[in-house]
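Novice: Same order as they appear, the protein sequences are chains A and B. Using numbering that gives the first Met the number 0, you'd call the opening residue of the first sequence number 0 and step up by one each time. Using numbering that gives the first Met the number 0, you'd call the opening residue of the second sequence number 0 and step up by one each time.
One thing to keep in mind: the hints can contain errors.
[As the list claims (entries may be wrong)] Restraint-style ranges between C-beta atoms, simulated for each label pair:
hint, chain 1, residue 1, chain 2, residue 2, range
1, B, Q152, A, P261, 41 to 51 Å
2, A, R245, B, H81, 41 to 51 Å
3, B, A54, A, G67, 23 to 33 Å
Hints are computed from structural coordinates only; laboratory data are not their basis. All values derive from a computational prediction rather than experimental measurement. Beta carbons: idealized from backbone N, C-alpha and C, even for Gly.
Each chain, letter by letter, is given below.
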Amino acid sequence: MTVEIGVGLRHPHYRDFAASERMPDFVEVHSENFFASGGASLALLDAVRARCGLSLHGVGLGLGSAAGIDPWHLERLQALVGRSQPLRISDHACFCRAPLPGKTVSVHGCDLLPLAFTDESLAILCHNIEVVQDALRRPILVENLSAYLAFADDVIAEPDFLAEISRRTGCGLLLDLNNLVVNALNAGSPDPVAAACDFVDALPVDCVGQFHLAGFTQRSGELVIDDHSQPVSDPVWAVYAHALRRFGGVPTLIEWDLDLPPWAVLLDQAQRARELAVQVLGSNPAQHVNAELPGAKA
Amino acid sequence: MIGSGREAQRQQALVAALFAPVRADAAALLPACQAAGDAQIRAAGLGAYRGNARAVAARALAAAFPVTWQLLGDAADDAAVHLWRSTPPTSGDLAQWGAAFPDWLAAQSSLREFPQLVACARLEWAVHQSEAAADALTDIDSLALLETVDAQQLVIELRPAVRLVAGVPGFVEVWQQRDLRADGQHAHAVVARPALIAEVTAVGARWHTWLAAAARGSSLAALTADLPPLLEAIDTEPETDLLSVLSIIISKGWFSRLVRIEESR
Numbered sequence: 000m001t002v003e004i005g006v007g008l009r010h011p012h013y014r015d016f017a018a019s020e021r022m023p024d025f026v027e028v029h030s031e032n033f034f035a036s037g038g039a040s041l042a043l044l045d046a047v048r049a050r051c052g053l054s055l056h057g058v059g060l061g062l063g064s065a066a067g068i069d070p071w072h073l074e075r076l077q078a079l080v081g082r083s084q085p086l087r088i089s090d091h092a093c094f095c096r097a098p099l100p101g102k103t104v105s106v107h108g109c110d111l112l113p114l115a116f117t118d119e120s121l122a123i124l125c126h127n128i129e130v131v132q133d134a135l136r137r138p139i140l141v142e143n144l145s146a147y148l149a150f151a152d153d154v155i156a157e158p159d160f161l162a163e164i165s166r167r168t169g170c171g172l173l174l175d176l177n178n179l180v181v182n183a184l185n186a187g188s189p190d191p192v193a194a195a196c197d198f199v200d201a202l203p204v205d206c207v208g209q210f211h212l213a214g215f216t217q218r219s220g221e222l223v224i225d226d227h228s229q230p231v232s233d234p235v236w237a238v239y240a241h242a243l244r245r246f247g248g249v250p251t252l253i254e255w256d257l258d259l260p261p262w263a264v265l266l267d268q269a270q271r272a273r274e275l276a277v278q279v280l281g282s283n284p285a286q287h288v289n290a291e292l293p294g295a296k297a
Numbered sequence: 000m001i002g003s004g005r006e007a008q009r010q011q012a013l014v015a016a017l018f019a020p021v022r023a024d025a026a027a028l029l030p031a032c033q034a035a036g037d038a039q040i041r042a043a044g045l046g047a048y049r050g051n052a053r054a055v056a057a058r059a060l061a062a063a064f065p066v067t068w069q070l071l072g073d074a075a076d077d078a079a080v081h082l083w084r085s086t087p088p089t090s091g092d093l094a095q096w097g098a099a100f101p102d103w104l105a106a107q108s109s110l111r112e113f114p115q116l117v118a119c120a121r122l123e124w125a126v127h128q129s130e131a132a133a134d135a136l137t138d139i140d141s142l143a144l145l146e147t148v149d150a151q152q153l154v155i156e157l158r159p160a161v162r163l164v165a166g167v168p169g170f171v172e173v174w175q176q177r178d179l180r181a182d183g184q185h186a187h188a189v190v191a192r193p194a195l196i197a198e199v200t201a202v203g204a205r206w207h208t209w210l211a212a213a214a215r216g217s218s219l220a221a222l223t224a225d226l227p228p229l230l231e232a233i234d235t236e237p238e239t240d241l242l243s244v245l246s247i248i249i250s251k252g253w254f255s256r257l258v259r260i261e262e263s264r
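Required output: the full structure, derived from the provided sequences and hints.
Specialist: Here's what the structure looks like:
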């Protein structure tokens with residue numbers, strides 16, 4: 000058993016994936032892109048499952064939405080999970096849905112909008128996670144955000160907030176190490192790697208079920224945007240090594256969504272992650288792999 | 000709503016700021032969210048979300064309406080933002096968003112000279128829906144019902160991916176050639192998915208009418224009586240015989256099965 004290393008599979012790479020002899024251990028797709036009732040997308044998913052593992056990563060549930068979970072969305076996710084039997088299912092610690100002023104029907108913000116770190120926000124997020132987990136009959140993974148707004152009345156530190164949702168609901172965490180670095184940079188941290196490593200150290204060791212590694216865009220004088228348009232940055236590799244030492248051989252995903260490079264480049268990034276895992280954990284990373292990773296399919 | 004309402008109010012305020020047309024109005028909504036930091040920090044953060052929303056809306060529409068998007072040219076991005084504000088998405092699956100785009104285009108006075116563009120958008124939405132429709136096989140064995148069941152009691156079920164589109168003359172050719180100047184006469188199209196990819200077939204008005212009646216659940220007897228001299232038939236030859244018509248719609252991947260009326264979907 001080795002550390003599972005995967006890559007995000009996006010539409011422009013479907014043909015390359017089908018033709019590729021090299022395979023990652025698993026691919027992660029955006030759940031919402033496979034909500035169709037039939038057609039090419041579901042046929043592709045069947046082809047993926049025949050060649051490697053599959054993780055479903057959602058961007059639209061809005062787990063922290065006070066308006067609740069969209070029943071249609073959950074129904075489609077349920078059908079997709081039943082059909083594809085993924086290794087892991089994940090979404091974000093964010094909100095997406097709320098009514099506009101004077102309206103009762105919620106609109107979708109098309110983005111991962113930030114949650115306040117308050118007791119009420121925590122209760123809403125936990126309630127919605129339990130709704131989803133009850134429907135899917137299995138635990139999910141919940142990802143930390145890169146957030147561009149914070150709230151003056153935040154009262155819970157983010158690592159404690161995430162640890163608490165895991166403790167209350169039994170969900171695992173999908174720890175996005177790039178998001179930690181992006182948040183540290185945007186907070187003006189003098190040492191973003193150290194800040195991200197401090198975050199890692201503040202989490203319980205048994206709650207992380209997957210890592211995301213990605214790149215970001217940084218322009219002088221502007222916010223750093225977590226756009227997944229670049230190779231994994233050196234600071235993120237450094238935080239990854241630290242996280243491997245803390246959490247062990249957690250499945251790891253290379254995430255790249257915009258300005259996609261050739262498929263082979265993604266596989267090279269995955270290989271770099273594999274080599275780093277071996278370097279940190281030794282030649283037998285199995286001894287470092289948690290017997291029961293949170294959020295993994297039994 | 001979950002919780003006491005405080006977080007619901009915060010989230011509503013942030014979503015209102017996201018959708019506000021004017022940036023200054025959006026920023027004015029942020030104090031209701033209790034956003035931290037000085038005005039410059041808050042504006043930068045909100046700007047990141049508003050910019051991302053524009054980009055996401057544009058990508059979603061470009062994916063569903065690739066030809067219309069190309070034909071709109073530089074105006075496409077602004078069109079996406081206007082539609083996003085006037086008809087916001089209600090689903091986290093953005094592939095569900097865009098149904099209102101053809102009507103939105105039709106309402107733009109600047110586009111009144113280009114009715115083909117609106118029809119082209121309607122065709123693309125039909126293609127988009129067809130691509131995601133449920134799979135269905137052709138049940139050839141169901142044709143045996145022709146021997147045993149009165150045609151008054153039978154209906155034709157078309158495949159779930161079939162969509163019928165009507166527009167102005169030439170719109171099918173505009174879509175096919177991705178050119179508003181394309182010459183053509185066709186004002187009707189059938190969208191279907193014989194396998195994994197949707198296909199568009201230009202048809203005459205009579206075919207369109209006949210297929211629309213089949214889609215509404217008209218009995219086979221009525222459809223047979225109405226069998227027109229399908230002078231504008233797909234294969235150019237008149238098709239007046241039921242079996243010939245069935246043969247065509249089977250070969251095109253439009254036909255799903257014959258079924259008794261009481262068993263139809």
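Novice: The structure should be examined with respect to each hint, and the outcome stated for every one.
Specialist: Here's how the hints hold up against the structure:
The hint said 41 to 51 Å for the Cβ distance between B:Q152 and A:P261, and at roughly 58 Å that hint is violated. At roughly 48 Å, the beta carbons of A:R245 and B:H81 sit within the given window of 41 to 51 Å. At roughly 27 Å, the beta carbons of B:A54 and A:G67 sit within the given window of 23 to 33 Å.
Against the hints set out earlier in the document, a violation occurs for number 1 only.
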